[in-house]
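Using the sequences plus the hints, can you model the full thing?
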Amino acid sequence: MSRMHRALLWCVTALAVLSAIPPLGNLIMRMMLTQMLVQIPLLFGAAAMWGTRVRWLTQARWRAWNAQGASGLLASTFVLVFWMTPIALDHAASEWPWEVAKSISVTSGGFVAGISWRLGSPVTHIFYLGNMLWMSITVGMLYQESTERYCNAYLWDDQALTGRALVVASIGIALIWTSRVVGLRNPFHSAWAMHRTIR
Amino acid sequence: MTRTLIVMSAIVVLGALAFARLTHNFTVLTAEAARRQAVAAAPVAVPELWGIDQTGMQRALLDKADNRTVIVDFIFTRCTSVCSALGISYQQLQADIQEEHLENKVRLVTVSFDPEHDTPAIIAEYGRRFRANPEIWTILTPINSEALRRSLEVFGVVKVPAPYGQFIHNAAFNVLDRRGRLARIVDIGRPHKALAAAKQLFNVS
Chain A
1 MSRMHRALLW
11 CVTALAVLSA
21 IPPLGNLIMR
31 MMLTQMLVQI
41 PLLFGAAAMW
51 GTRVRWLTQA
61 RWRAWNAQGA
71 SGLLASTFVL
81 VFWMTPIALD
91 HAASEWPWEV
101 AKSISVTSGG
111 FVAGISWRLG
121 SPVTHIFYLG
131 NMLWMSITVG
141 MLYQESTERY
151 CNAYLWDDQA
161 LTGRALVVAS
171 IGIALIWTSR
181 VVGLRNPFHS
191 AWAMHRTIR
Chain B
200 MTRTLIVMSA
210 IVVLGALAFA
220 RLTHNFTVLT
230 AEAARRQAVA
240 AAPVAVPELW
250 GIDQTGMQRA
260 LLDKADNRTV
270 IVDFIFTRCT
280 SVCSALGISY
290 QQLQADIQEE
300 HLENKVRLVT
310 VSFDPEHDTP
320 AIIAEYGRRF
330 RANPEIWTIL
340 TPINSEALRR
350 SLEVFGVVKV
360 PAPYGQFIHN
370 AAFNVLDRRG
380 RLARIVDIGR
390 PHKALAAAKQ
400 LFNVS
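Here the protein sequences line up with chains A and B, keeping their order.
For the first sequence, this note's numbering begins at 1 and goes up steadily by one.
For the second sequence, this note's numbering begins at 200 and goes up steadily by one.
It should be emphasised that the hints constitute simulated quantities derived from the structure, not laboratory data.
No false leads were mixed into what you were given.
Using C-beta positions, here's what the derived DEER-type ranges look like:
(1) B:D262 to A:E148: 28 to 36 angstroms
(2) A:V182 to B:T201: 34 to 42 angstroms
(3) A:G172 to B:N332: 54 to 62 angstroms
List time: in silico SDA-like cross-link candidates among lysine to any residue, alpha-carbon distance up to 25 angstroms:
(4) B:K358 to A:M31
(5) B:K263 to B:I335
(6) B:K358 to A:P97
(7) B:K358 to A:W96
(8) B:K358 to A:D157
(9) B:K263 to B:V353
(10) B:K358 to A:L37
(11) B:K398 to B:Q290
(12) B:K398 to B:V238
(13) B:K392 to B:F275
(14) B:K392 to B:Q297
(15) B:K358 to A:L142
(16) B:K358 to A:P23
To give a feel for the contact side, a few chain B residues facing chain A, derived at Cβ under 8 angstroms:
(17) M200
(18) V206
(19) T222
(20) A233
Note that the Cβ used here is the ideal one computed from N, Cα and C, for glycine as well.
Laid out in structure tokens, this is it:
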């Protein structure tokens, strides 16, 4: 692991912890946008990064229970979909036991996803990401389109903005992942490298 | 592979159970819908709430001597959106109560959740604006903020601060039975359903 990767891992971890505890946590929970697109991705992402580093859980005797990472990715799908439903978001915004349960489950889901991602083949990855991204795009479209406020704790404008952001983020993740699969390490990096070469 | 399939099956079962519990057996997706369903299934006792009404009298939300069912809503008079619509609906409900001679069966109560601004004088003005008949429609500004907080909690009213000094809140017709329990929550677009629920609760409770 390079020094840059290690720095990134600790940086994301620190941000994830800060996003889940007061005072930043309280601020983040005031908006649906920051709960869904800052806090949950940070907790999930940081835990997933740690998950990819745990080698012993990918050994043969554990792998038998998680072939191709299918079990772990399925469990993490359930966790993410659970915390995408308005009723769960509303409970988390207004009752602290729900908020604690969310932090624990999203972190565990991310950790398991990290371990399982390493075990998965590109086919498993496509299935998992395709499912997740399609689901977030659908939820995002519903949030944008609805004239009804789905969460008592959040404003309608916030809900519509969250919907747009979910769609944009999902398409962004799909583009990044696809470009990596076809060989471009990072589309933004590649674009920058091309720009520098031309200059 | 068999062991993986066993784990995956267990995850599906646990996940489905968690979702069933979250969504009240796959029937609701929002906290508001869940609250309405829960209240209809098991009415909830409402805490005592005292306030000043539009005539300047001190009154309680629940009058033990009064045998009528009650339709309650929560508003703030500075509201420029949903509360005005509620005021007009209440005006219509008052007319319906008079027309159907239900004065001895159903009464209306409007409670302000912004008592700092909604002084008795402002409440009186609100009553005049909507031609509220105090015999049928009581408009209250609470005198105890802790009691108001408890009431908002039980009625499930969540107010979110919004720009320009406004609050966004989940408005609804809350119908209390004759024992003073919150027994139905009806959407603000359906005042006639609220009146029907109040009449039905009068006959059964």
